[in-house]
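Trainee: One-letter residues, chain by chain:
2 protein chains.
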Amino acid sequence: MSTSARSILYVYFSGMTRLVICGTGNVARHFFDAFHSSEEVNVVQVAGRNRQALAYFDKHTDTTEDFSGLRKADVYLLAVSDSAIATVARQLKDGLVVHCAGSTSIDRLPEGGRRGVFYPLQTFSKELKVNFNNVPLCLEAENEADYRVLEDLAHSISGKTFRVRSEQRLDLHLAAVFVNNFSNHLFHVGQALCEQKGLPFEILLPLIEETIRKIRYMSPFEAQTGPARRNDIYTQQLQLEQIENKAYQAIYKSITHSIQKTYAEEL
Amino acid sequence: MSTSARSILYVYFSGMTRLVICGTGNVARHFFDAFHSSEEVNVVQVAGRNRQALAYFDKHTDTTEDFSGLRKADVYLLAVSDSAIATVARQLKDGLVVHCAGSTSIDRLPEGGRRGVFYPLQTFSKELKVNFNNVPLCLEAENEADYRVLEDLAHSISGKTFRVRSEQRLDLHLAAVFVNNFSNHLFHVGQALCEQKGLPFEILLPLIEETIRKIRYMSPFEAQTGPARRNDIYTQQLQLEQIENKAYQAIYKSITHSIQKTYAEEL
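Protein sequence lines, in the order shown, are assigned to chains W and E.
Just so we're aligned, residue 0 is where the first sequence starts under numbering that gives the first Met the number 0, counting upward by one.
Just so we're aligned, residue 0 is where the second sequence starts under numbering that gives the first Met the number 0, counting upward by one.
Just to be clear, a hint being listed does not mean it is correct.
[As the list claims (entries may be wrong)] FRET-style restraints, in silico, Cβ to Cβ:
| # | chain 1 | residue 1 | chain 2 | residue 2 | range |
| --- | --- | --- | --- | --- | --- |
| 1 | E | 216 | W | 197 | 19 to 29 Å |
| 2 | W | 229 | E | 240 | 32 to 42 Å |
| 3 | E | 49 | W | 146 | 52 to 62 Å |
| 4 | E | 216 | W | 215 | 18 to 28 Å |
| 5 | E | 70 | W | 158 | 54 to 64 Å |
| 6 | W | 125 | E | 57 | 51 to 61 Å |
| 7 | W | 162 | E | 59 | 44 to 54 Å |
| 8 | W | 229 | E | 51 | 15 to 25 Å |
| 9 | W | 58 | E | 38 | 53 to 63 Å |
| 10 | E | 243 | W | 158 | 28 to 38 Å |
| 11 | W | 232 | E | 24 | 16 to 26 Å |
[Said to hold, decoys possible] Here are the simulated DSS-like cross-link-like pairs (lysine-lysine), alpha carbons at most 25 Å apart as the crow flies:
| # | chain 1 | residue 1 | chain 2 | residue 2 |
| --- | --- | --- | --- | --- |
| 12 | W | 245 | E | 245 |
| 13 | W | 260 | E | 245 |
| 14 | E | 260 | W | 196 |
| 15 | E | 71 | E | 92 |
| 16 | W | 252 | E | 252 |
Rather than coming from a laboratory, the hints here were simulated on the basis of the structure.
Glycine included, each C-beta is placed from N, C-alpha and C at the ideal position.
Excised from the complex, chain W in its bound form (with noise of 0.2 Å):
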């Protein structure tokens, strides 16, 4: 019997899955905590470089700074920066292996070896708990014995499971970016322009929520509007005549456009 087929043995007789988290950052830490409350996962071992941050680790689990010499298990989670994934891939002997970085493709893990990715769709800070459950996790494997192990593992911390090829995947994470990344830095410019005429951030949040809301009713599409969406030219000349910060006028300038573009092709 291969060693493969052994370890999907093990996981279906005693019906919890081994596994080893290799890296101590953030996305290890929130993952740690997730699959240590779950009763399906036995999470046998952490392993990174930074003895001080495997700390963390010490007091539930075996730790380890050594990843030649890492304890068996069904699965090896790589939660290290994307140029590490292949480097510490390579150390690893046995098992599953996945990454979990969004714009990596499943091919970076070494040919040959059994491998995978277990992409949690989220933004992780080191100050705020996240309820796993409803993060998107976004699965993939070369067979569907492997795809049976990362579901169960899944589902053992979220309700919400997606098979996404590494070739979507890159998609998806570009428009993380767009959702996440850049319009947090919308809300940055919004915060910046109330404070510079003595107003509190707080007067923008419940349109900020409205915003929000509003698109688990209506696509974006339909809930667009403003001045670029009705092209009111002259309100756009005011507000960029207005704005004195060239990296903000720019932005205002390159969305405007896009909104144009956008509904320009709907006539």
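Fit chain E to the known structure of chain W by using the hints.
Mentor: This is chain E only, laid out in the frame that chain W set:
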């Protein structure tokens, strides 16, 4: 006793503000619904040029197409398009006349009369009922007595009132364009990127919701993550090449540049 002093006394003694709403669009409807449910306000009339649109109000209050013979009221609320504000206001003879536009100065209303601004910082759509209790109402008047009339009117429907001068309001409206109109377009871009790869928009919603949840606990400045924030030129280059739509490319560039500038200045 002046007409103005009489009006204020009327409000004081009757306890009910008499309101005439001019306009029949989205904002007029939402204001009408809110004030009509309030026990402190009596909407005595709705005026509009569009007979068909007046039908919405007919059952509940008096309506008219003739702006020159409006009923006596304490406040005349102009919920008309920015370009119609001056024209409509000139036809009113008495009372406190207020417009509710973000980008229009109080000076657009006729000099000599009592004037003010009653600007709701919110996005309104026909389909969704708005809970005014959470809508910041930005008020402006030329004297304390008039300001108090507007404040009472505002408190009858909302818990959030702000004193905002015309010059501040211009920046506030600009900030609203960034956080509402522009981020909504980024959500549309996210949806377009997903759908061209056969992924449902729903996969992005938890991320969008978390983006908003974060800024209740930290500033957008602190919450910023992503390739631009960590100056990851490699991912930026890859993503730029990945975007086929030229307008989306321009957005990617302008926001990435602005994020880098924002954090470079902090070094």
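Trainee: Look at each hint and say if it fits the structure.
Mentor: Now the hints, each set against the structure:
no.: 1; hint: E/216 to W/197: 19 to 29 Å; result: 23 Å, holds
no.: 2; hint: W/229 to E/240: 32 to 42 Å; result: 34 Å, holds
no.: 3; hint: E/49 to W/146: 52 to 62 Å; result: 59 Å, holds
no.: 4; hint: E/216 to W/215: 18 to 28 Å; result: 22 Å, holds
no.: 5; hint: E/70 to W/158: 54 to 64 Å; result: 56 Å, holds
no.: 6; hint: W/125 to E/57: 51 to 61 Å; result: 57 Å, holds
no.: 7; hint: W/162 to E/59: 44 to 54 Å; result: 53 Å, holds
no.: 8; hint: W/229 to E/51: 15 to 25 Å; result: 21 Å, holds
no.: 9; hint: W/58 to E/38: 53 to 63 Å; result: 58 Å, holds
no.: 10; hint: E/243 to W/158: 28 to 38 Å; result: 33 Å, holds
no.: 11; hint: W/232 to E/24: 16 to 26 Å; result: 20 Å, holds
no.: 12; hint: W/245 to E/245; result: 21 Å, holds
no.: 13; hint: W/260 to E/245; result: 10 Å, holds
no.: 14; hint: E/260 to W/196; result: 21 Å, holds
no.: 15; hint: E/71 to E/92; result: 10 Å, holds
no.: 16; hint: W/252 to E/252; result: 12 Å, holds
Violated hints for the displayed structure: none, as all numbered hints are satisfied.
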